[in-house]
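Chains as they are written, first to last, in the working numbering: chain A, 46 to 372; chain B, 46 to 372.
Treat the hints with caution; some may be incorrect.
Which copy is meant is left open, so a pair is good if it fits within one copy or across any two.
Below 35 Å or equal to it, Euclidean Cα-Cα: the simulated DSBU-like pairs (lysine-lysine) are [stated by the list, open to error]:
{"no.": "1", "residue 1": "K136", "residue 2": "K286"}
{"no.": "2", "residue 1": "K47", "residue 2": "K136"}
{"no.": "3", "residue 1": "K278", "residue 2": "K47"}
{"no.": "4", "residue 1": "K278", "residue 2": "K136"}
{"no.": "5", "residue 1": "K291", "residue 2": "K136"}
{"no.": "6", "residue 1": "K47", "residue 2": "K216"}
{"no.": "7", "residue 1": "K84", "residue 2": "K358"}
{"no.": "8", "residue 1": "K278", "residue 2": "K291"}
Don't read these hints as lab results, they were simulated from the structure.
Number of protein chains: 2
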Amino acid sequence: MKKFSNLPSDLVYESMLGFAAVHEQLVSVHMDPLYVTRKTPNPSKVALISGGGSGHEPLHTGFVGVGMLDAACPGQVFTSPTPNQMLAAAKAVGSEAGVLFIVKNYAGDVMNFQMAMDMMDVEFASILVNDDVSFEAAAHTAGRRGVAGTLVVEKMVGAAAERGSDLSSCKHLGDRVNACTASMGVAFTSCTVPEAGVPTFEIGPAEMEVGVGIHGEPGRRRTAVQPAAAIVKDLLQAILKDLNPKPGSEVLLHVNGFGGTPLMELYLLHHLAGEYLREQGLVPVRSLVGNYTTSLEMAGASLTVTLLDDELKSLWDAPVITPALRW
Amino acid sequence: MKKFSNLPSDLVYESMLGFAAVHEQLVSVHMDPLYVTRKTPNPSKVALISGGGSGHEPLHTGFVGVGMLDAACPGQVFTSPTPNQMLAAAKAVGSEAGVLFIVKNYAGDVMNFQMAMDMMDVEFASILVNDDVSFEAAAHTAGRRGVAGTLVVEKMVGAAAERGSDLSSCKHLGDRVNACTASMGVAFTSCTVPEAGVPTFEIGPAEMEVGVGIHGEPGRRRTAVQPAAAIVKDLLQAILKDLNPKPGSEVLLHVNGFGGTPLMELYLLHHLAGEYLREQGLVPVRSLVGNYTTSLEMAGASLTVTLLDDELKSLWDAPVITPALRW
Numbered sequence: 046m047k048k049f050s051n052l053p054s055d056l057v058y059e060s061m062l063g064f065a066a067v068h069e070q071l072v073s074v075h076m077d078p079l080y081v082t083r084k085t086p087n088p089s090k091v092a093l094i095s096g097g098g099s100g101h102e103p104l105h106t107g108f109v110g111v112g113m114l115d116a117a118c119p120g121q122v123f124t125s126p127t128p129n130q131m132l133a134a135a136k137a138v139g140s141e142a143g144v145l146f147i148v149k150n151y152a153g154d155v156m157n158f159q160m161a162m163d164m165m166d167v168e169f170a171s172i173l174v175n176d177d178v179s180f181e182a183a184a185h186t187a188g189r190r191g192v193a194g195t196l197v198v199e200k201m202v203g204a205a206a207e208r209g210s211d212l213s214s215c216k217h218l219g220d221r222v223n224a225c226t227a228s229m230g231v232a233f234t235s236c237t238v239p240e241a242g243v244p245t246f247e248i249g250p251a252e253m254e255v256g257v258g259i260h261g262e263p264g265r266r267r268t269a270v271q272p273a274a275a276i277v278k279d280l281l282q283a284i285l286k287d288l289n290p291k292p293g294s295e296v297l298l299h300v301n302g303f304g305g306t307p308l309m310e311l312y313l314l315h316h317l318a319g320e321y322l323r324e325q326g327l328v329p330v331r332s333l334v335g336n337y338t339t340s341l342e343m344a345g346a347s348l349t350v351t352l353l354d355d356e357l358k359s360l361w362d363a364p365v366i367t368p369a370l371r372w
Numbered sequence: 046m047k048k049f050s051n052l053p054s055d056l057v058y059e060s061m062l063g064f065a066a067v068h069e070q071l072v073s074v075h076m077d078p079l080y081v082t083r084k085t086p087n088p089s090k091v092a093l094i095s096g097g098g099s100g101h102e103p104l105h106t107g108f109v110g111v112g113m114l115d116a117a118c119p120g121q122v123f124t125s126p127t128p129n130q131m132l133a134a135a136k137a138v139g140s141e142a143g144v145l146f147i148v149k150n151y152a153g154d155v156m157n158f159q160m161a162m163d164m165m166d167v168e169f170a171s172i173l174v175n176d177d178v179s180f181e182a183a184a185h186t187a188g189r190r191g192v193a194g195t196l197v198v199e200k201m202v203g204a205a206a207e208r209g210s211d212l213s214s215c216k217h218l219g220d221r222v223n224a225c226t227a228s229m230g231v232a233f234t235s236c237t238v239p240e241a242g243v244p245t246f247e248i249g250p251a252e253m254e255v256g257v258g259i260h261g262e263p264g265r266r267r268t269a270v271q272p273a274a275a276i277v278k279d280l281l282q283a284i285l286k287d288l289n290p291k292p293g294s295e296v297l298l299h300v301n302g303f304g305g306t307p308l309m310e311l312y313l314l315h316h317l318a319g320e321y322l323r324e325q326g327l328v329p330v331r332s333l334v335g336n337y338t339t340s341l342e343m344a345g346a347s348l349t350v351t352l353l354d355d356e357l358k359s360l361w362d363a364p365v366i367t368p369a370l371r372w
């Protein structure tokens, strides 16, 4: 896969310089150690910090700002950030209200965030996101993976923190959102890590990987490409089996592109997923469609469903002003 | 190229149903004939209408809303919309202040918009966008192509119309923005039109197409893939030769992805382009980075530079509330 790059080893650093310039009114970027903070800190609120390997943009750096994250720590491509990044970010945005880490469930992220937490000297808590229902034990993880549902957790907890919820409330809210959020995706192509230079996996011209992870990890099975309606049904059956929603439940439907699929196809998936959810007696009342939790240039998409109540709807609707999410 | 699709011939229609559901608070979608209008019409202002083939999303449908377009008419993939779509859209949003059509310079678009204009019974004018400096005579066009600079024209004229500028002022502003805007791009891969099912062009694993059009049309030359800094210099030299800016000029720098290139690489291009512009004595004071004028899943990107003055900066900064652009 061809890339816009000078030295692959400089890509993350040079890219962050561009990100910093473009979004200077919303965020500040500290280059060494590398972390992004919101431009106007709010020292009276719980500070939300996330992070993870680069290559999933706009996750997480694009979600730093008012009403979402206070800081994000980008690692090298598909590689966890280090504890010193997290500690420096916590020092920059931490407040007396405490620090809440939002961690996707990958072994490297979990280990590095744990090391940072072991060295924290202010009050903190953490949320482990594991919304991927593809299967239980996957490469790079202990248990279910954290994927596109991470955005939902960050948005809703971000709104609660902005409203003044305390650390314990934010932590429990995050766990609750994670528990009522489920995701699953399919890939048509692989992604290529710049420093590796070769595709992460091989896939035939008429095949798709069902249940793929956001680093191109294997999923449930490899099959022939199916019509979009069949793919949507397959993904939503797994998601709804996991969530086991009551009939009539209101839901958020998030269609996430992995980076290489046209917006037109993502809107098609939303239409089909909305129809299927209504057939199952559910009521999609909130939507988000776009490339938010990507896997470099992988073609494919995931569906995420979150069961809503009045509190979660209100948190989703609350104002957000970040580089990638704004309303 | 694999696609999320049921019947390829239904893709645009089914996708628009998803778009309509997701953005129902901002836009209304009329399915037959197909056009998108802003949810809350402002009958006292000049009505801005654009359109073109689908496959470039979010252009143009994603730019309908407050401060930008009043209506957009999507054609089939890479195929001009028809005059009856444009006339129906004009009837839906047209006002006594008149209708302004914004047309990208492709033979099909020009012909179909002209046919619609020949049948208009209210005051109207049109702006022809031709910002691509790749070369003069390209396939599908008579003269320079209209590419990612179209967004800049639509944003600035949209802001002027929202402020109450009359038809003649909006028309002249659009021509002026077009004249001080120049773009050029490169592609690493082809795109595949769903109904065709095969790539629009062939390109080797280490080649790039310099000066490519947004439908995969040939550009200036085919070369080996260059480092990102060399690509940026090559594109900006052509752009600045066209614009011939005065030293010290303030500029808008828009890095546009064609759909299949990770955001990380687009921010890298922005960083490098900003450095090059400053070396040339120019001052980048506004930026936009993302996939806005796409070519389905084509990997590649274009750079657009607009020469700014206080009026254009103010129009760029004015509020915009659309599905794809919001501040």
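(request) If any of the earlier hints don't hold here, list their numbers in rising order. (result) As far as the earlier hints go, 1, 2, 4, 5, 6 are violated by this structure, in ascending order.
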